[in-house]
Every structure is written in structure tokens, then in C-alpha cells.
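What follows is the residue order along each chain.
Protein chains: 2
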Amino acid sequence: MDEVEPDLATAVRRADLIVVAVPMDAMVSVLPPVLDATAAHQVVIDVGSTKQALLAALAEHPNRGRFVAVHPMAGTEHSGPEAAVSGLFEGKTVVLCDAAHSDPDALRMVEDLFHALPMRLLYLDAADHDLHTAYVSHISHITSFALALTVLEKEKEEQRIFDLASGGFESTVRLAKSSPATWVPIFRQNRLNVLDVLDEHLHQLQHLRELLAREDYEGLTEQIQQANHIRKILP
Amino acid sequence: MDEVEPDLATAVRRADLIVVAVPMDAMVSVLPPVLDATAAHQVVIDVGSTKQALLAALAEHPNRGRFVAVHPMAGTEHSGPEAAVSGLFEGKTVVLCDAAHSDPDALRMVEDLFHALPMRLLYLDAADHDLHTAYVSHISHITSFALALTVLEKEKEEQRIFDLASGGFESTVRLAKSSPATWVPIFRQNRLNVLDVLDEHLHQLQHLRELLAREDYEGLTEQIQQANHIRKILP
Numbered sequence: 001m002d003e004v005e006p007d008l009a010t011a012v013r014r015a016d017l018i019v020v021a022v023p024m025d026a027m028v029s030v031l032p033p034v035l036d037a038t039a040a041h042q043v044v045i046d047v048g049s050t051k052q053a054l055l056a057a058l059a060e061h062p063n064r065g066r067f068v069a070v071h072p073m074a075g076t077e078h079s080g081p082e083a084a085v086s087g088l089f090e091g092k093t094v095v096l097c098d099a100a101h102s103d104p105d106a107l108r109m110v111e112d113l114f115h116a117l118p119m120r121l122l123y124l125d126a127a128d129h130d131l132h133t134a135y136v137s138h139i140s141h142i143t144s145f146a147l148a149l150t151v152l153e154k155e156k157e158e159q160r161i162f163d164l165a166s167g168g169f170e171s172t173v174r175l176a177k178s179s180p181a182t183w184v185p186i187f188r189q190n191r192l193n194v195l196d197v198l199d200e201h202l203h204q205l206q207h208l209r210e211l212l213a214r215e216d217y218e219g220l221t222e223q224i225q226q227a228n229h230i231r232k233i234l235p
Numbered sequence: 001m002d003e004v005e006p007d008l009a010t011a012v013r014r015a016d017l018i019v020v021a022v023p024m025d026a027m028v029s030v031l032p033p034v035l036d037a038t039a040a041h042q043v044v045i046d047v048g049s050t051k052q053a054l055l056a057a058l059a060e061h062p063n064r065g066r067f068v069a070v071h072p073m074a075g076t077e078h079s080g081p082e083a084a085v086s087g088l089f090e091g092k093t094v095v096l097c098d099a100a101h102s103d104p105d106a107l108r109m110v111e112d113l114f115h116a117l118p119m120r121l122l123y124l125d126a127a128d129h130d131l132h133t134a135y136v137s138h139i140s141h142i143t144s145f146a147l148a149l150t151v152l153e154k155e156k157e158e159q160r161i162f163d164l165a166s167g168g169f170e171s172t173v174r175l176a177k178s179s180p181a182t183w184v185p186i187f188r189q190n191r192l193n194v195l196d197v198l199d200e201h202l203h204q205l206q207h208l209r210e211l212l213a214r215e216d217y218e219g220l221t222e223q224i225q226q227a228n229h230i231r232k233i234l235p
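Taken in sequence, the protein lines are chains A and B. At position 2 of the first sequence the residue is numbered 2 (the UniProt record's numbering), and the sequence of numbers has no breaks. At position 1 of the second sequence the residue is numbered 1 (the UniProt record's numbering), and the sequence of numbers has no breaks.
Any given hint could be a false lead.
Think about it this way: if two alpha-carbon atoms lie no more than 27 angstroms apart in a straight line, the pair counts; the simulated DSSO-like pairs of lysine-lysine are [what the hints assert, rightly or not]:
no.	chain 1	residue 1	chain 2	residue 2
1	A	Lys232	A	Lys92
2	B	Lys156	A	Lys154
3	A	Lys156	B	Lys156
4	B	Lys232	A	Lys92
5	B	Lys232	A	Lys156
6	B	Lys92	B	Lys232
7	A	Lys232	B	Lys156
8	A	Lys92	B	Lys92
Here chain A is said to cover these stretches of chain B; the calculated rule only asks that three of the stretch's residues, wherever they fall, bring their Cβ under 8 angstroms from a Cβ of chain A [claimed, not checked]:
no.	segment
9	9-21
10	35-47
11	53-67
12	70-82
13	97-109
14	112-119
15	167-176
These are computed hints drawn from the structure, not numbers from a lab. Since the model is a prediction, treat every value here as computed from it, not as a measurement. All residues carry an ideal CB built from backbone N, CA and C; glycine is no exception.
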């Protein structure tokens, strides 16, 4: 027990629903004392980007049933209360993980909350969640950090970046403004999945590089046509 | 002379300003006959993404002075007339290349046009233009095409991509919807600059990969803090 605990317990006692939104390394240590202080009528959710490590850490907790693991697939590159955006979650997907491990009444309260926003509810187990978010979210952050580092390294004239940055550059580099306090713990907890998709990404980039290096413009056209297939999924 | 020429000449004759907006491989063959048909009071501009090959092809043209090479740094991933966006150029940068090779009255007409939109005018020589656009625009398209190929390869369940794609993924993959007819000629004409920045990007990605593989989270934090520096340039 450290001296923060009494305040935490007091804060928890007043709430019907406790939302824990902290970086994933802190999440693993903050959630157990929050669940310790949770009574039978209360519900706790996280809103974190990785689930396996967290749910393993909570598996034996006596109040595990009061916890519902959720991941709303929406956010911005900004952090802190001043980064709040009205309507951020509307129409977006929220993933509920290992829902069978939550008490039915706790799950129902959380489902009602997200239906009301409204969000689209998707049920995945923790392993599937971490795999698919590595593919569709975490790798985007790696590529954006690397793109920012690339341009900052090559383009020594910062005014040129400002002058020439079009909407295309801004959108690919936007995620590179994201905080290391948020993202390093995510990469750490989802390390093997992130390495796996990052290796595929390096392979695809190397392939495009080879086609351009050997002036295989038909091959390059075919690869771009294949990449254009993303239009059918995200119009 | 092929049979298209008379129509081209007729169309050119009616205009004060002729804007040629075609892929860069076509640009190099379309602009000479357009300039052939251009009278002393008329002005021709392109709006293309590469300049060195084009300006080399036009260097000896007797009407070179009537041509002003411009590159508005704005656009979308969509092509064709139905992709027009009102206000697209407002407040953006337009690059004017090798402006000293244009007749003063032709240059003035084009400056007046872009000031009126209004756009910010930036003067570069063709070599600098191609170098800096490789850094700030062309590499973004390569990374986005590679990201789309990566996710399409790893994520066999297309519905999962649709369900889990957040704003972050959508913004990094948006440029991957761009047409190969537009982009292969750009990569071809700016091949050495694009290869150079692509090699730096591969190096940065490999470095992030190594830090994660050997669990050097301090090193990863430092790299992300360095990438965050892009905030100061593009707030």
C-alpha cells in the first residue's frame, strides 16, 4: 500500500463506471488496485491498445468479472485532456476483448454505453485483437515515425519542409507527432506481432526499391495497382 | 504531324493561358506541340510534380519563354475531372521553376494568377525542386503504397481492415489509392532522388526494428522524441 491508495479507493467508490486511460505500462500496475477497490455493483474499463499482457495480469484477480476490456478504434496524435475531440467515437468501431470473462451485467452496461454513442461493437479474443491492431494500427505509427525521421534527416532546411508539405505529406507524417509515453509501451507489449508486420513492410519497401532501381516500370505499375486495392476496403 | 495536331492548335489558339495537366511521361511529349502552336501573347503552364526532365526537353524550344513551369503543392489521391475540389489551392504553396527562363510578361501573368487564389509563391531551380519534392512528397507515396501492400498481404480478412481501420491508419494509407498512371512517371523522372531518400527511409525503419528486436526501449523513446520534432515544423 502506498500513500496514493486511499485517494484512489475514495475516487473509485463514487463512480458507477471507472474508465482507466493511461499508457499501457502504467495500465498493468494501475488496474489491479482499482479492481481491489471495486464493489460488486461497479464496472471498470480500460481503453488501451494492447490486451494480452493486461488480461494475463488480471486473470486471477477476484474482481476480474467487474472488468471489461475495450479498445475504441479512434483517437488523434495529441495527448492530454486539452486534446479532447467532440464526437470522436461516433460511428467508429470499439473492440470488446474476452467478453465472456466479464460478468454479464458489467458487459451489458458497457455495451449499452457504446451502443448509445453510437459505436460499432466488435468482439475479439485478446490474441486476435493484438494481432489485428498490429496490422491495422501499430504498423502505421512505425512507418510514420520512420518517415518523419527520414525527412528530418534528409531535409536539413526546415523552412523547405514547411513550404513544400502538401496534404499528402502531412497525412502520412501526422502520427509521428504521437507521444513515446503512449507508443513505446504498446510496441513493447505487442512486440512480436509488430516485428512480424514490420518485417513484411520492410520486404514490400525493398521490393518497390528493387523495381525502381532496375527500372522495371511495369512491375512498379503492377505493385501500385495491387496497393490501390485498399480503395475497395476503405473507399 | 499526326491528325490530332490541328485540333490541338485550334484549342490552343482560343486561350490566353493554356494549362497542361497530364501524367509526366505524356507531359514531355504533349508540351512541345502545344508550344509550337503558342503565339507571342499566350502563356503555357504545366502543373506537374517533376521538372528536370521536362525543362531539359523544352530547353531549345523557340517558344520556351512563353512557358512557365509550376507545381502547386496540393492535390488528392483521386484523379480525373470528377475529383475536382473547390478551394484546393487556397493558402498552399506553388513552386515556380527556373523562372528566369520565362518571358517577364508570361511570368507576371502566372504570378498574378497564383497570388489571386491566393497561393504562396516559391521560386526554385528545377534540380532543387526535384530534390525537395522527393523528400517531402514522393517518399510519402512510396511509404503509403508499401503500407497498403503490407496490410493487404498480412491481413487476409478484409472485413477486419474495414472494422479496425482508425483515422490514423486511413491517413497513412490514403495516398496508396493514387493512380500508377500519375506516379510511375514521377518516380521514373525523379528516380535517383527517390532512391536516395528511400534508402534513408529503409535505414530508419531498420533502426527502429533493431531497437524493438533487442528491447532497447530507451533508444526507441529517443527516436520517437526525435520524430516528434516534426511538430515544430508542421504544428
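Against the structure, the hints come out as follows:
no.	hint	verdict
1	A/Lys232 - A/Lys92	holds, 18 angstroms
2	B/Lys156 - A/Lys154	violated, 35 angstroms
3	A/Lys156 - B/Lys156	violated, 40 angstroms
4	B/Lys232 - A/Lys92	violated, 30 angstroms
5	B/Lys232 - A/Lys156	holds, 14 angstroms
6	B/Lys92 - B/Lys232	holds, 18 angstroms
7	A/Lys232 - B/Lys156	holds, 14 angstroms
8	A/Lys92 - B/Lys92	violated, 31 angstroms
9	9-21	violated (count 0)
10	35-47	violated (count 0)
11	53-67	violated (count 0)
12	70-82	holds (count 5)
13	97-109	violated (count 0)
14	112-119	violated (count 0)
15	167-176	holds (count 10)
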